[in-house]
Amino acid sequence: MSKIKNILQVRWMSSLLFLIALIILTGLINSDFLTYDNIVACFNASVVFTLLAVGISFVIMTGEIDVSIGSTMGLMAAISGLIAQEKGSPVKMLILAVVIGTVVGIINGLGVAYFGVPSLIFTLGTCGVIRGLVYIVSQGKTVENFAGDFTGYGTQVCFASITWYYAIVFVIAIIAHLLLTRTRRGKYFIAVGDNPGGANLVGISVFWTKMAAYVLSGVFAGISGVAFASKYGQITISAGNGYEMSAIAACVLGGISLSGGLGNIAGAAIGAIIMSSVTRMLVFIGLPSTYDDAITGIMLITIVVIDALAQRSAIENARRKRLLMRTALTKADTDAKGGAEV
Amino acid sequence: MKLVKQLFKRWEFILLILLVLEFVVFGAANPAKFLRPASILSSITNYISICIIALFVTFVMITGGIDIQASSIIGLTSIIIGVSWSDGGLNIWVSVLLAILAAALCGALSGFFIAYCGVQPMVVTLGGSFLYSGLGLLISGMSKTPAYQGISGFPSKTETGAFVGFRFLGKGMLFGFLPTQIFIYIVLIILCSVLLHMTKYGRKIFLIGVNPQAAEYSGINTRLVIMSTYILTGIGAAISGILLTSNVDSAKSDLGATFTLSIITAVVLGGTLSTGGKGSIIGTALASIIICILRYGLPLCFGVSSQNLDLPVGVILIIIVVGRALAESGKLYRFFMPKKKTS
Amino acid sequence: MESMLSVKNIYKSFGTNAVLKGISMELKGGEVLALIGGNGAGKSTLMKIIMGIYQPDEGEIRVAGEKAAITQPSQALALGIYMVPQEPLLFPNMTVEENILMGFKESASVLKKRLEQCIQELGFDLHLQRKANTLSIAEQQLVEILKGMMREARILILDEPTSALTFDEVRSLFKVVQDLKKKGIALIYITHRLGEVFEIATHVAIMRDGVVTLSGPVADFTKEMLVQGLLPPDTEHKDHGSREYKAIDYSKLKPVMEVKDLSGYGFSNITFNLYPGEILGIAGVVGAGRTELVSTIFGRDKVLSGKVFLEGKDITGLSTKQILEAGINYVPEDRHYHGIFGISSIAANTTSALLNGKAVGSFLIDKKSENGISQKYVDDFRTKIVSLADLMSSLSGGNQQKVVIGRALSTKPKVVILDEPTRGIDAAARGDVYHIIQKLKEEGVAVLMISSDMEEIMGLADRSITVYNGRINGEFDHADITQDALTSASFGIVKEAAS
Numbered sequence: 001m002s003k004i005k006n007i008l009q010v011r012w013m014s015s016l017l018f019l020i021a022l023i024i025l026t027g028l029i030n031s032d033f034l035t036y037d038n039i040v041a042c043f044n045a046s047v048v049f050t051l052l053a054v055g056i057s058f059v060i061m062t063g064e065i066d067v068s069i070g071s072t073m074g075l076m077a078a079i080s081g082l083i084a085q086e087k088g089s090p091v092k093m094l095i096l097a098v099v100i101g102t103v104v105g106i107i108n109g110l111g112v113a114y115f116g117v118p119s120l121i122f123t124l125g126t127c128g129v130i131r132g133l134v135y136i137v138s139q140g141k142t143v144e145n146f147a148g149d150f151t152g153y154g155t156q157v158c159f160a161s162i163t164w165y166y167a168i169v170f171v172i173a174i175i176a177h178l179l180l181t182r183t184r185r186g187k188y189f190i191a192v193g194d195n196p197g198g199a200n201l202v203g204i205s206v207f208w209t210k211m212a213a214y215v216l217s218g219v220f221a222g223i224s225g226v227a228f229a230s231k232y233g234q235i236t237i238s239a240g241n242g243y244e245m246s247a248i249a250a251c252v253l254g255g256i257s258l259s260g261g262l263g264n265i266a267g268a269a270i271g272a273i274i275m276s277s278v279t280r281m282l283v284f285i286g287l288p289s290t291y292d293d294a295i296t297g298i299m300l301i302t303i304v305v306i307d308a309l310a311q312r313s314a315i316e317n318a319r320r321k322r323l324l325m326r327t328a329l330t331k332a333d334t335d336a337k338g339g340a341e342v
Numbered sequence: 001m002k003l004v005k006q007l008f009k010r011w012e013f014i015l016l017i018l019l020v021l022e023f024v025v026f027g028a029a030n031p032a033k034f035l036r037p038a039s040i041l042s043s044i045t046n047y048i049s050i051c052i053i054a055l056f057v058t059f060v061m062i063t064g065g066i067d068i069q070a071s072s073i074i075g076l077t078s079i080i081i082g083v084s085w086s087d088g089g090l091n092i093w094v095s096v097l098l099a100i101l102a103a104a105l106c107g108a109l110s111g112f113f114i115a116y117c118g119v120q121p122m123v124v125t126l127g128g129s130f131l132y133s134g135l136g137l138l139i140s141g142m143s144k145t146p147a148y149q150g151i152s153g154f155p156s157k158t159e160t161g162a163f164v165g166f167r168f169l170g171k172g173m174l175f176g177f178l179p180t181q182i183f184i185y186i187v188l189i190i191l192c193s194v195l196l197h198m199t200k201y202g203r204k205i206f207l208i209g210v211n212p213q214a215a216e217y218s219g220i221n222t223r224l225v226i227m228s229t230y231i232l233t234g235i236g237a238a239i240s241g242i243l244l245t246s247n248v249d250s251a252k253s254d255l256g257a258t259f260t261l262s263i264i265t266a267v268v269l270g271g272t273l274s275t276g277g278k279g280s281i282i283g284t285a286l287a288s289i290i291i292c293i294l295r296y297g298l299p300l301c302f303g304v305s306s307q308n309l310d311l312p313v314g315v316i317l318i319i320i321v322v323g324r325a326l327a328e329s330g331k332l333y334r335f336f337m338p339k340k341k342t343s
Numbered sequence: 001m002e003s004m005l006s007v008k009n010i011y012k013s014f015g016t017n018a019v020l021k022g023i024s025m026e027l028k029g030g031e032v033l034a035l036i037g038g039n040g041a042g043k044s045t046l047m048k049i050i051m052g053i054y055q056p057d058e059g060e061i062r063v064a065g066e067k068a069a070i071t072q073p074s075q076a077l078a079l080g081i082y083m084v085p086q087e088p089l090l091f092p093n094m095t096v097e098e099n100i101l102m103g104f105k106e107s108a109s110v111l112k113k114r115l116e117q118c119i120q121e122l123g124f125d126l127h128l129q130r131k132a133n134t135l136s137i138a139e140q141q142l143v144e145i146l147k148g149m150m151r152e153a154r155i156l157i158l159d160e161p162t163s164a165l166t167f168d169e170v171r172s173l174f175k176v177v178q179d180l181k182k183k184g185i186a187l188i189y190i191t192h193r194l195g196e197v198f199e200i201a202t203h204v205a206i207m208r209d210g211v212v213t214l215s216g217p218v219a220d221f222t223k224e225m226l227v228q229g230l231l232p233p234d235t236e237h238k239d240h241g242s243r244e245y246k247a248i249d250y251s252k253l254k255p256v257m258e259v260k261d262l263s264g265y266g267f268s269n270i271t272f273n274l275y276p277g278e279i280l281g282i283a284g285v286v287g288a289g290r291t292e293l294v295s296t297i298f299g300r301d302k303v304l305s306g307k308v309f310l311e312g313k314d315i316t317g318l319s320t321k322q323i324l325e326a327g328i329n330y331v332p333e334d335r336h337y338h339g340i341f342g343i344s345s346i347a348a349n350t351t352s353a354l355l356n357g358k359a360v361g362s363f364l365i366d367k368k369s370e371n372g373i374s375q376k377y378v379d380d381f382r383t384k385i386v387s388l389a390d391l392m393s394s395l396s397g398g399n400q401q402k403v404v405i406g407r408a409l410s411t412k413p414k415v416v417i418l419d420e421p422t423r424g425i426d427a428a429a430r431g432d433v434y435h436i437i438q439k440l441k442e443e444g445v446a447v448l449m450i451s452s453d454m455e456e457i458m459g460l461a462d463r464s465i466t467v468y469n470g471r472i473n474g475e476f477d478h479a480d481i482t483q484d485a486l487t488s489a490s491f492g493i494v495k496e497a498a499s
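Chains as they are written, first to last, in this note's numbering: chain A, 1 to 342; chain B, 1 to 343; chain C, 1 to 499.
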């Protein structure tokens, strides 16, 4: 019993259980869903979301937010598309993705951590600017008709129906997860979000940690842009619009708290799978895909409300217990010492 | 002199100067095309939804919250009107009322979770934006009209081409030159200004934003007031949805879906603190209009593509928020006046 | 043995308020210095200076004989100084192990070994994989102590470590302190409990108003001598409005408020009556449960048992709004957190409690009556303002407090609760506040005044109760209120004669 409780306390585990429950529920309604290929397809479909969610989770962990990732992804997707039109190599795209993501991250990091602008507002500004750059880069036209087999990469299977893309993303997510939870500096992200004052006291730089978080977020958004271009083969000037919200939602589903200091990469990756597999599951349940958003919304609200209530009562209980202890102490004192009289 | 100094301390005054500057610059660049009152007015009606919702989101942000679901309520109200009128056979005004009621309920639901369950406003309204746009989609599925087409043919256009009834809201002209939408916007600005700056309710909103604890100790029912601000934005979104539907003669569930970031931009540019406690309706209105004129003037006078207006708006937002942050933290001052070393 | 830590002639003031007026003390390895003092004595400021959070205006600090300029907490850590704060600064969502090892540069396996060794040496029973937010305060404090040990602290500061601990936990903490003492670590132990001093300290120092009034080896003192050290010298006289005391004839009065066997979070079995036109002082140390008691009466927290009556009407468990309407108002202790609206106008601050009634209009705000009410209190209280439209945050602490008191009176309450009404305000404003309180008494308002300043209670109160660890442990009529009696009771020492 207590073991189950322990598992549920590891937040990404409860997200995983939630995902499994969703899969089983879909299977109960339509047993056709429960084939290996169908389930793996859910994973394969989440490549772009996973990259975005993993990246932004660094920022959310520090207690900030980054709504510019959708645009950054769109920008990098457009650039990749242009390179692909000329049979450019994917390595070039990835290098550019890292460079552009880093630049965007540094700008966001400066605005938030140095100038102290609220992160939602600052990244809203960079979001607009980058969206404008998408237009400039693509000259206002949809980027399509790629040369070579760039768009074919997405469907190439690595092993056992798992695509190369997902396999790579999976490895990246695991590495990021381990970096964040197992290394000294990785833990700084959580520490800064958990208690900035406490972090400062033990010598952790809040500025550099947030800076690193934004750079990582930008780089991951850039790489997801390359994946996006390859997957869809067609990039409109509004590509990636609204993806930032889905990525944030994936993080929340994966148990990352928007107030920072709570959650990890594994949770974000699982959240991304949940986000992208709802549509597929609906098909098997027999509902039209129009239910997609409503169900995502209900899931999201239910989870965060339950979570908030649980957390609030935990804090309140701790406070009350502490206060009760104080009055109990007098009694213990009196009993033990036979009164406090001199 | 002192008065001038006082004026410059008011953010609204700086916005007013910016607006005048826009007129001067654009007017000088291309007077013939830019300085046409009808075009200027229609530049505002193009973004009227953002302008109107921004007014109401100002209330939310002054309490220290944020609302990113309002834009999804636009589509929801639009499709409710369409389906209940076209497929449900209701009177158009009953449909409108129904839509407003539904929007208020949506606001109330999110507001309840925020105020009474203590969930972060950003997360709840993020969930709300999925939920309400999803509901919109579901409702549009109940119609016999395909969703991509949009329900049209709203009443009514007379044979002379004049708009009456429901469509008068979005297309009509008052006194021959003033679009009804603008008139409604002006009325809403006045109503919101009075509500926020002159009533006891408005005062409570400010006090909650400044210090929710102290507000509780003053006997203010902070939870109810916070929840009510989300109901207000719901109603604001409904009004936008109605006007938009009436204007384009099409009820669709994805109307306004991309407005979220623009709404927040307008409110923040208007001087509302994202941490709450400070802001004004006039500021939000001025900022909204500045953005509208910018979006109208840049393509017209400087040949910026009308599809690429996010860039200048984003740049201006960044410059202004960084500038304010610097001014407030004193970093700007220190930058120009290096600190003297004290022994 | 040379001294581990020595501070010499430390001066520190904030604005015009001198907090430390030349503090010197010395501490050798293996010594436990108990530091005692009332609130505002400057203990925590001194500790923050040692930790590098504040810089002293004057004076020097030497660590192990060498002069140390500590400008940041990280420098203090490097010198081997570690403070276990009263409120632990842990990362709530991390495990105990992560909390302790956060910020270290060495490899994880080395650290882990050292940590386990540390725990074994200290004999702590602490599961390393538990989340910090599941720990009790006592366990959190153990974690903080471990953090100090892991940093190989030579100087360990414990700030009121027992204030939240149970009896058994206090025992095990004392054992740890004894062990640390044996290991040659220098400890500063801040406490409110005089009993503990004799149990674990080797030396004692008492601070009062920014100076050390008494210090030396523990063996040289008795409890009574320590209490004397906490009291102000007789020569010092401040204006406490005590010039003419008008005795109250209680025989004809009916209590306006009755509190019967009230228990809540942080206090237990509280019973007292409050009469119209009287000032009832509540003395005690910070954390005794006084603020919890009055804020529960004010509807901010749940009542566990017992009743509160206002003019015979049961008002137990009503909401703050209803309590305000019934006729009680409250000037909170924490002015910044619960009292003021910083970026709102003075007028808005004064009338914030009137927004539920009709005094400032029924829907629209009636600017005229709002300004009228605000101006009245500004005039009555001699509040120094330029304009009612100015921001609250532009006022000094004393003037802010006057505005908050004005708000409390604006609802025309029958009972006013003042929680530390003169904390953090200058002498002139303090005199004005005393004047206001006495005027209230003359007008027949019942005043419940919490204060940690015993002189204040002596000067103003008609009667006083003392609260210790959440319970009333002393009741005093005007004639019996003495500094000695109140101070002793506040620190848990009840003299037979007093009650």
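Wrong hints could be hidden among the right ones.
Said to hold, decoys possible - Pairwise CB distance ranges, derived in the manner of DEER restraints: (1) 208(A) x 14(B): 31 to 39 Å; (2) 312(C) x 318(A): 56 to 64 Å; (3) 140(A) x 38(B): 51 to 59 Å; (4) 321(A) x 89(B): 39 to 47 Å; (5) 2(C) x 314(A): 43 to 51 Å.
Derived from the structure by calculation, the hints contain no laboratory data. Glycine residues also receive a C-beta, built at the ideal position from the N, C-alpha and C atoms.
**OP:** Find the hints from earlier in the document that the structure breaks and name them by number, from lowest to highest.
**Re:** 2, 3 and 4
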